[in-house]
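With the hints as your guide, set chain E onto chain X.
If you read the protein sequences in the order shown, they are chains X and E. Residue numbering for the first sequence is 0 to 122, as defined by numbering that gives the first Met the number 0. Residue numbering for the second sequence is 0 to 162, as defined by numbering that gives the first Met the number 0.
Hints are supplied without guarantee of correctness; some may be wrong.
Using 27 angstroms as the maximum straight-line C-alpha spacing, the simulated DSS-like pairs for lysine-lysine come out as follows [stated by the list, open to error]:
1. Lys109(X) / Lys53(E)
2. Lys107(X) / Lys48(E)
3. Lys109(X) / Lys123(E)
4. Lys117(E) / Lys109(X)
5. Lys112(X) / Lys117(E)
6. Lys123(E) / Lys53(E)
7. Lys117(E) / Lys107(X)
8. Lys117(E) / Lys79(X)
Everything labelled a hint here was simulated from the structure, so no lab data went into it. In this text, all values refer to a predicted model and were calculated from it rather than measured experimentally.
Below are the chains, spelled out letter by letter.
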Amino acid sequence: MSTTAADLDSRFAALAHPARRAILARLKKGEATVTELARPFAMSQPAITKHLRVLENAGLIERGRDAQRRPCRLQPNAIKDVAEWAESYREFWEQSYDRLEEYLEEMKAKQKKERRKNDRKKR
Amino acid sequence: MTARSGELTVTTPSDREIVMTRELNAPRELVFQAHTSCEHMSRWWGPRKYEFAKCEIDFREGGQWRIVHRGPDGEEYAFRGEYREIVPPERIVWTFEFEGFPGAISVETLTLEERDGKTFLTAKSMYDTVEQRDQMLQSGMEEGAAETFERLDEYLQELASAS
Chain X
0 MSTTAADLDS RFAALAHPAR RAILARLKKG EATVTELARP FAMSQPAITK HLRVLENAGL
60 IERGRDAQRR PCRLQPNAIK DVAEWAESYR EFWEQSYDRL EEYLEEMKAK QKKERRKNDR
120 KKR
Chain E
0 MTARSGELTV TTPSDREIVM TRELNAPREL VFQAHTSCEH MSRWWGPRKY EFAKCEIDFR
60 EGGQWRIVHR GPDGEEYAFR GEYREIVPPE RIVWTFEFEG FPGAISVETL TLEERDGKTF
120 LTAKSMYDTV EQRDQMLQSG MEEGAAETFE RLDEYLQELA SAS
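So here's chain X without its partners, still in its complex pose (with noise of 0.2 angstroms):
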């Protein structure tokens, strides 16, 4: 199955409330139930559960059959999806400004060199 613009778009948007960001890292450890992830939240459980919809209309997340305790658990392959893209962008911009420092360094000596050359000939 492919991945849509328009998956990844509400994906996103998912995660761009800190409440459903933290939701999904407490179901990394394991699955929940909507009564056991509104504990540590201080969220009414009507709260917790509007964020679970959202999470799971984006496909990052998945509820059991079971009628009463419906278990929340994570869909990996959509939150790898946002994570793919998410490391692509960060190597790129990692490697650059690693390379960058190391040239910061050659600019530096560059500059010292420069001005030591300058000092030399006011005197």
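Frame of chain X, contents of chain E only:
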């Protein structure tokens, strides 16, 4: 032999933005200067495995820039844009467009702050519309950086700690 003084952080404060921060061990005049010409940019912009095949930089407000990267497979990737605001040595605003996806233009704002001889760099990318951002997302995905679950793990940690 890298002299890394800071880690890169990447956050998505809204669905149209990407913000990166990084600390660099140099005064901001130098960091600013490193952004101003092809001679400087070709030494660091982009991953190591890419070289500059072409570069034109007209570093003034309203001036155009264009960089063509060449990958190890000989494949070329061209980027272009325009400088909108230049405030030495603290701020540069320019537009960024990947020619592979024409029309998906983002506005990049680079802010440099200096503290104790070190520079705190903040780079913000703002996309015009959701559609344009999506194109960029897709291009990022096609590049297909190898990912592992450990990285996913790190990414989620980051998302959690950013909240």
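Outcome of the hint check:
no. : hint                  : result
1   : Lys109(X) / Lys53(E)  : holds (26 angstroms)
2   : Lys107(X) / Lys48(E)  : holds (25 angstroms)
3   : Lys109(X) / Lys123(E) : violated (30 angstroms)
4   : Lys117(E) / Lys109(X) : holds (18 angstroms)
5   : Lys112(X) / Lys117(E) : holds (20 angstroms)
6   : Lys123(E) / Lys53(E)  : holds (25 angstroms)
7   : Lys117(E) / Lys107(X) : holds (12 angstroms)
8   : Lys117(E) / Lys79(X)  : violated (35 angstroms)
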